[in-house]
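Trainee: Here is what each chain is made of, one letter per residue.
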Amino acid sequence: MQSKISIKDLDFFYGKAQALFDISLEIPEREVVAFIGPSGCGKSTFLRTLNRMNDTIPIASVKGQVIIDGKDIYAPGTDVVALRRKVGMVFQKSNPFPKSIFENVAYGIRINGIHSSKEDLNDRVEKALRDAALWDEVKDRLSMSAFGLSGGQQQRLCIARALAVQPDVILMDEPASALDPIATQKIEELVVELKKNYTIVIVTHNMQQAARVSDRTAFFMLGKLIEYNPTQKMFTNPDEKLTEDYITGRFG
Amino acid sequence: MAQSSTLGDKVYRTILFAAATSILLIVAAVFYMMVQSSMPTLQRFGIGFLWASEWNPSQELFGALPFIYGTVVSSILALLIAVPISLGIAVFLVEQAPKKIAKPIAFMIELLAAIPSVVYGLWGIFVLAPFIREYLGPVLQDNLGFLPIFQGRLTGIGMLTGGIILAIMITPIVTAVVRDVLEAVPNTQREAALALGATKWETTMIVLGNAASGIAGAVVLGLGRAVGETMAVTMVIGNSPQISASLFEPAYTIASVLAANFADATDELYLSALIEMALVLFLVTVVINGLAKLLIMSVAGRANASKHT
Numbered sequence: 001m002q003s004k005i006s007i008k009d010l011d012f013f014y015g016k017a018q019a020l021f022d023i024s025l026e027i028p029e030r031e032v033v034a035f036i037g038p039s040g041c042g043k044s045t046f047l048r049t050l051n052r053m054n055d056t057i058p059i060a061s062v063k064g065q066v067i068i069d070g071k072d073i074y075a076p077g078t079d080v081v082a083l084r085r086k087v088g089m090v091f092q093k094s095n096p097f098p099k100s101i102f103e104n105v106a107y108g109i110r111i112n113g114i115h116s117s118k119e120d121l122n123d124r125v126e127k128a129l130r131d132a133a134l135w136d137e138v139k140d141r142l143s144m145s146a147f148g149l150s151g152g153q154q155q156r157l158c159i160a161r162a163l164a165v166q167p168d169v170i171l172m173d174e175p176a177s178a179l180d181p182i183a184t185q186k187i188e189e190l191v192v193e194l195k196k197n198y199t200i201v202i203v204t205h206n207m208q209q210a211a212r213v214s215d216r217t218a219f220f221m222l223g224k225l226i227e228y229n230p231t232q233k234m235f236t237n238p239d240e241k242l243t244e245d246y247i248t249g250r251f252g
Numbered sequence: 001m002a003q004s005s006t007l008g009d010k011v012y013r014t015i016l017f018a019a020a021t022s023i024l025l026i027v028a029a030v031f032y033m034m035v036q037s038s039m040p041t042l043q044r045f046g047i048g049f050l051w052a053s054e055w056n057p058s059q060e061l062f063g064a065l066p067f068i069y070g071t072v073v074s075s076i077l078a079l080l081i082a083v084p085i086s087l088g089i090a091v092f093l094v095e096q097a098p099k100k101i102a103k104p105i106a107f108m109i110e111l112l113a114a115i116p117s118v119v120y121g122l123w124g125i126f127v128l129a130p131f132i133r134e135y136l137g138p139v140l141q142d143n144l145g146f147l148p149i150f151q152g153r154l155t156g157i158g159m160l161t162g163g164i165i166l167a168i169m170i171t172p173i174v175t176a177v178v179r180d181v182l183e184a185v186p187n188t189q190r191e192a193a194l195a196l197g198a199t200k201w202e203t204t205m206i207v208l209g210n211a212a213s214g215i216a217g218a219v220v221l222g223l224g225r226a227v228g229e230t231m232a233v234t235m236v237i238g239n240s241p242q243i244s245a246s247l248f249e250p251a252y253t254i255a256s257v258l259a260a261n262f263a264d265a266t267d268e269l270y271l272s273a274l275i276e277m278a279l280v281l282f283l284v285t286v287v288i289n290g291l292a293k294l295l296i297m298s299v300a301g302r303a304n305a306s307k308h309t
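Protein chains in written order, with my numbering: chain E, 1 to 252; chain U, 1 to 309.
Using 20 Å as the maximum straight-line C-alpha spacing, the simulated PhoX-like pairs for lysine-lysine come out as follows:
#1 U:Lys200 to E:Lys86
#2 E:Lys63 to E:Lys224
#3 E:Lys16 to E:Lys224
#4 E:Lys86 to E:Lys195
#5 E:Lys139 to E:Lys99
#6 E:Lys16 to U:Lys99
#7 E:Lys196 to E:Lys186
#8 E:Lys16 to U:Lys100
#9 E:Lys127 to E:Lys196
Hints were generated in silico from the structure; no laboratory data involved.
Start from the sequences, fold in the hints, and give me the full structure.
Mentor: Right, dumping it as structure tokens:
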């Protein structure tokens, strides 16, 4: 398999407390990889090491390598701004900017100077909204505040906003955990659709969701990677007893 | 709440209620007294009192315009100087500085707010005024002397000195409020910007956009302070009821004319004129502070709302 991201011997610390232990993992291009595990197992922390979002925590430190497209993103001199443009992120709670729907999607395009003209900007915003399956719902009110959208629409707007800067990888941190079942289903369909063009890493609490959308699943517990296998195998015939216990609901 | 029938609790509740209502009564009483006492000038000059520019108590000429002008211009000067500095400090404290540095700086800013006005006034007379006379004034006149605002005599005492003193005095409160407002911006907004490849600067702009109405509130609150500030301004602004284009010329504010003249105002009309200006100042500061509170609350409200959804 062609690895988009390879993580090698990754340790993560909050101050002196170690939160991730010696994690190695290969994430193939244009697949969906799901991270599952009980609360506090480190799956979100791990996700946030992949675009260096943990840099914003002053006491956080990382050991090991995260290699994306052949380059270690923790090597000295890494351009974090460029990295984050390439590795987009969608958060647990939708977080649109206090701007119009159009300006939310246009923001990343503008700051990165991606567009060549006003029309190009409009086209890119429309494409991002279409790709996020939101265009038909918002095309008549692009200039209205993003806060007027429903929770599920806001989350898809955040996905459109992430897509607009043309990332290769999209990290999703429990993107549907605050949404109702219908909105959740839309997000899941979207994830499967986006896989054609993007590498997607999704953290989820919901095991059925992992089973439905992902090609591979990684199971974490107490900061350790317990098992990483194709999702099909993971949910039918896991290698580890712990995984089986978790998936069958014996704890967690 | 269960109603207790013991006598002690009844007395207790009555006392608390009286304490809470006393504040309303005091405000109402002050307002009533001011309207009553300014009746002589209200009846004699009407609304024209506000834009008459002659002020000569011995000839019974009472016009409030020079004081309104002085108050407005000195306050605007103060805002022009204080707002950028306060924004810079607050952004540094919230977005940039490590906690170890931010805490002591924030503490020092709060200390600045606790220094009595008269101390700033003395500093203004003995340090700031000579500095403006000897250094800042000549530099401004040499380079920008063609502008009417920088022409005229350099005494060190005047509108500019008053404005700078006011700026120093309102910086702590504006900084503190802007800092609170920036801290109320949810971290998810910063992360959203960073995740799109925003630089530190671009992320800060997103934060400021979130906080815009609260920052406006902080500015208006600073304006309220500047308009009402009395002692330090009285000591450095020159106390001359004139309207001059030059910032180096002496001026007068409403607050300082009240402070400097209430003891001399022996006849009824003079006293009435002062009290009518006090009434104007009272109403203006009430409106300004109310507006500031509303603006600041709008940001805090949104931050709380997003925490709970």
